[in-house]
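A.B. asks: If you want the building blocks of each chain, they are given just below.
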Amino acid sequence: GQSLEQPSEVTAVEGAIVQINCTYQTSGFYGLSWYQQHDGGAPTFLSYNALDGLEETGRFSSFLSRSDSYGYLLLQELQMKDSASYFCAVRDGTGRRALTFGSGTRLQVQP
Amino acid sequence: EAGVTQFPSHSVIEKGQTVTLRCDPISGHDNLYWYRRVMGKEIKFLLHFVKESKQDESGMPNNRFLAERTGGTYSTLKVQPAELEDSGVYFCASSPSGSTDTQYFGPGTRLTVL
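Chains A and B, in that order, are what the protein sequence lines are. If you read the first sequence in my numbering, its first letter stands for residue 1, the second for the next number, and so on. If you read the second sequence in my numbering, its first letter stands for residue 112, the second for the next number, and so on.
So here's chain A without its partners, still in its complex pose (with noise of 0.2 angstroms):
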């Protein structure tokens, strides 16, 4: 099977930066996207990692390591607008062109 872990809350200041974590276990992998979800809207993509490295646009940064099954999404400059629930999720390896999500991670941004 596969499955993905994220910290289900954060709260930080707004103009701070924060990180929000995602290991994953699959069935090989194609590759991790990040979407964001304000409460009662439609899950917004941000970011798409293949490759390992980092993935940069505008304040929002995603970044992969494939040998560790792991990746981050890096919110800087924290605005109030920024506080809604984010999810990493997979493509896995097998050519389905399915999503796996992680639970969420509810960011709380403060002012």
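These are computed hints drawn from the structure, not numbers from a lab. Keep in mind the model is a prediction, meaning the values are calculated, not measured. Treat the hints with caution; some may be incorrect.
[As the list claims (entries may be wrong)] Ranges between beta-carbon positions, derived for each pair:
#1 Gly127/B with Thr57/A: 40 to 50 angstroms
#2 Pro119/B with Ser65/A: 34 to 44 angstroms
#3 Glu196/B with Ser83/A: 41 to 51 angstroms
#4 Thr184/B with Glu14/A: 42 to 52 angstroms
#5 Ser208/B with Met80/A: 32 to 42 angstroms
#6 Gln128/B with Tyr30/A: 35 to 45 angstroms
[What the hints assert, rightly or not] The following residues of chain A were derived to be distant from chain B, with all beta-carbon distances above 10 angstroms:
#7 Leu4
#8 Pro7
#9 Glu14
#10 Gln25
#11 Thr44
#12 Ser61
#13 Phe63
#14 Arg66
#15 Ser67
#16 Asp68
#17 Gln76
#18 Leu78
#19 Met80
#20 Asp82
#21 Thr100
#22 Ser103
Just so it is clear, CB atoms sit at the ideal spot from N, CA and C, and this is done for glycine as well.
With chain A's structure known, arrange chain B on it following the hints.
C.D. replies: Only chain B this time, still in chain A's reference frame:
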């Protein structure tokens, strides 16, 4: 460009009744996916269409769930008869052919079975 839309946004039904959820993917997206999130747990995959064909239905929980995508455009997910454990949020997502690493999600349908 319009995003993925889902209808209805909320549905409250009684156990044993039938409910049909609809998803309109982003225009031109061949890939369409159904996921659901039950009781605050992780989002779980249900099935994947490529155009009108079911590519992967390994996540469908049982034969009370029937998904269709006639004509390769919008899709419906019917639950018949609904059970209490079917309550949750049902998400639809779509992606263009050739690149399925990014899936675009709809806002979901919140289903409550009483």
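A.B. asks: Against each hint, give a clear statement of whether it holds in the structure.
C.D. replies: Taking the hints in turn, this is what the structure says about them:
1. Gly127/B with Thr57/A: 40 to 50 angstroms: Cβ of Gly127/B to Cβ of Thr57/A: about 47 angstroms, so the range 40 to 50 angstroms holds.
2. Pro119/B with Ser65/A: 34 to 44 angstroms: Given a distance of about 42 angstroms, which is inside 34 to 44 angstroms, the answer is holds.
3. Glu196/B with Ser83/A: 41 to 51 angstroms: Since the Cβ atoms of Glu196/B and Ser83/A sit about 30 angstroms apart, the hinted range of 41 to 51 angstroms is violated.
4. Thr184/B with Glu14/A: 42 to 52 angstroms: holds, 44 angstroms
5. Ser208/B with Met80/A: 32 to 42 angstroms: Given a distance of about 38 angstroms, which is inside 32 to 42 angstroms, the answer is holds.
6. Gln128/B with Tyr30/A: 35 to 45 angstroms: With a Cβ separation near 39 angstroms, Gln128/B and Tyr30/A satisfy 35 to 45 angstroms, so the hint holds.
7. Leu4: violated, 8 angstroms
8. Pro7: It holds; Pro7/A is separated from chain B by about 14 angstroms at its closest Cβ, greater than 10 angstroms.
9. Glu14: holds, 27 angstroms
10. Gln25: The claim stands: Gln25/A keeps its Cβ more than 10 angstroms from every Cβ of chain B (closest is about 14 angstroms).
11. Thr44: violated, 7 angstroms
12. Ser61: At about 17 angstroms from chain B, Ser61/A clears the 10 angstroms cut-off, so the statement holds.
13. Phe63: Its Cβ never comes within 10 angstroms of chain B, the nearest being 17 angstroms, so this holds.
14. Arg66: Answer for Arg66/A: holds, closest chain B Cβ roughly 15 angstroms.
15. Ser67: holds, 21 angstroms
16. Asp68: Correct as stated: the minimum Cβ-Cβ distance to chain B is 21 angstroms, above 10 angstroms.
17. Gln76: Non-interface label stands for Gln76/A: nearest chain B Cβ at 22 angstroms, farther than 10 angstroms.
18. Leu78: holds, 23 angstroms
19. Met80: holds, 22 angstroms
20. Asp82: Non-interface label stands for Asp82/A: nearest chain B Cβ at 18 angstroms, farther than 10 angstroms.
21. Thr100: violated, 7 angstroms
22. Ser103: Per Cβ check, Ser103/A is inside 10 angstroms of chain B; nearest 4 angstroms; violated.
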